[in-house]
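**Q** Build the full structure now, drawing on both the sequences and the hints.
For the sequence shown, my numbering begins at 212 and goes up steadily by one.
Hints were generated in silico from the structure; no laboratory data involved.
Remember, predicted model here, so these are calculated numbers, not experimental data.
Incorrect hints may have been included.
To be verified - Derived BS3-like pairs: lysine-lysine, alpha-carbon spacing no greater than 27 Å straight-line:
| id | residue 1 | residue 2 |
| --- | --- | --- |
| 1 | Lys321 | Lys241 |
| 2 | Lys321 | Lys233 |
| 3 | Lys474 | Lys464 |
| 4 | Lys395 | Lys241 |
Stated by the list, open to error - Derived DEER-like restraints, expressed as beta-carbon distance ranges:
| id | residue 1 | residue 2 | range |
| --- | --- | --- | --- |
| 5 | Gly378 | Gly336 | 24 to 32 Å |
| 6 | Ala225 | Asp423 | 38 to 46 Å |
| 7 | Ala225 | Thr327 | 38 to 46 Å |
Backbone N, C-alpha and C fix where the C-beta goes; we use that ideal spot for every residue, glycine too.
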Amino acid sequence: MPSTTMNTRIQSGADLSPETLKQLNEYLAKLEPTEVLEWAINCLPNLYQTTAFGLTGLATLDIINKISVDRNQSHIVPLIFLDTLYHFKETLELAERCKETYNVPLKVFKPMQCTTTADFETEYGQKLWETDEDSYDYLIKVEPARRAYEELNVKSVITGRRRSQKGDREAIPILEVDGTGLIKLNPLAYWDFQQVWTYIRANEVPYNALIDQGYKSIGDWHSTHAPNGDDERSGRWSGQQKTECGLHKDYFKMRAAFMASKKKRETQQPQQITA
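**A** What follows is the structure, encoded as structure tokens:
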């Protein structure tokens with residue numbers, strides 16, 4: 212594929228056939244993350260960065276900020292942050308710090324019709340992640356993300372996934388299109404943890420205070436521990452056969468599973484009241 216075609220503005224995920232994706236990924240794999248992000252800013256439609264302010268997302272945020280400064284623009288790519296209502300306080304503090312440090316537009320989405328943890332637990336009960344994990348993932352991540360994409364007309368998102376994180380991420384390409392047609396860019400897909408951490412320190416990027424306590428991958432407080440061994444995500448969902456929260460799984464399957472679980476709960480409620 213000629214370089215002029217490589218840098219053609221993409222209108223939507225429908226423009227990216229399997230063959231086009233293959234050629235673009237071969238091209239992007241030869242570039243440095245800064246070049247990948249410059250390409251994305253130039254070529255991808257309605258681009259946002261989704262982040263929970265993990266180290267990879269922070270490095271990406273800093274790189275985009277540098278590109279923005281070089282172009283004499285305010286921060287080019289807005290952020291989407293899914294507030295699950297179960298984040299560590301350190302994560303929430305970091306989100307605000309990044310918003311101020313980089314003067315970046317920060318779009319926050321929470322579970323539908325919930326402002327606080329108490330709101331969520333009044334509606335769905337305590338420790339839903341233990342009693343109905345799929346519904347929990349759908350309610351705190353999948354549905355808010357889908358709502359964000361629709362409200363903001365998002366067509367492309369930048370993620371913080373890397374191959375060295377293993378699990379479902381072990382073979383991810385730099386560029387992909389999911390089942391909903393959403394374009395996903397994984398600009399640091401080929402970096403390992405040490406490369407990301409070196410960048411963070413060298414560029415004085417703000418980072419989560421929990422990192423200094425041994426954490427490497429940080430999600431909700433109830434499912435996050437310091438990692439065991441070299442696998443940086445081994446501290447997430449420890450003891451479970453799980454490597455993703457649902458955000459990067461099949462949306463339609465996640466929604467169908469949630470609707471089936473909801474229907475089951477609704478049919479059981481009258482029986483419980485009668486008893």
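**Q** Hint by hint, note whether the structure agrees.
**A** Now for the hints, and whether the structure bears them out:
| no. | hint | in the structure |
| --- | --- | --- |
| 1 | Lys321 with Lys241 | violated, 37 Å |
| 2 | Lys321 with Lys233 | violated, 35 Å |
| 3 | Lys474 with Lys464 | holds, 15 Å |
| 4 | Lys395 with Lys241 | holds, 18 Å |
| 5 | Gly378 with Gly336: 24 to 32 Å | holds, 28 Å |
| 6 | Ala225 with Asp423: 38 to 46 Å | holds, 45 Å |
| 7 | Ala225 with Thr327: 38 to 46 Å | holds, 39 Å |
The structure fails hints 1, 2 (numbered hints given earlier, in ascending order).
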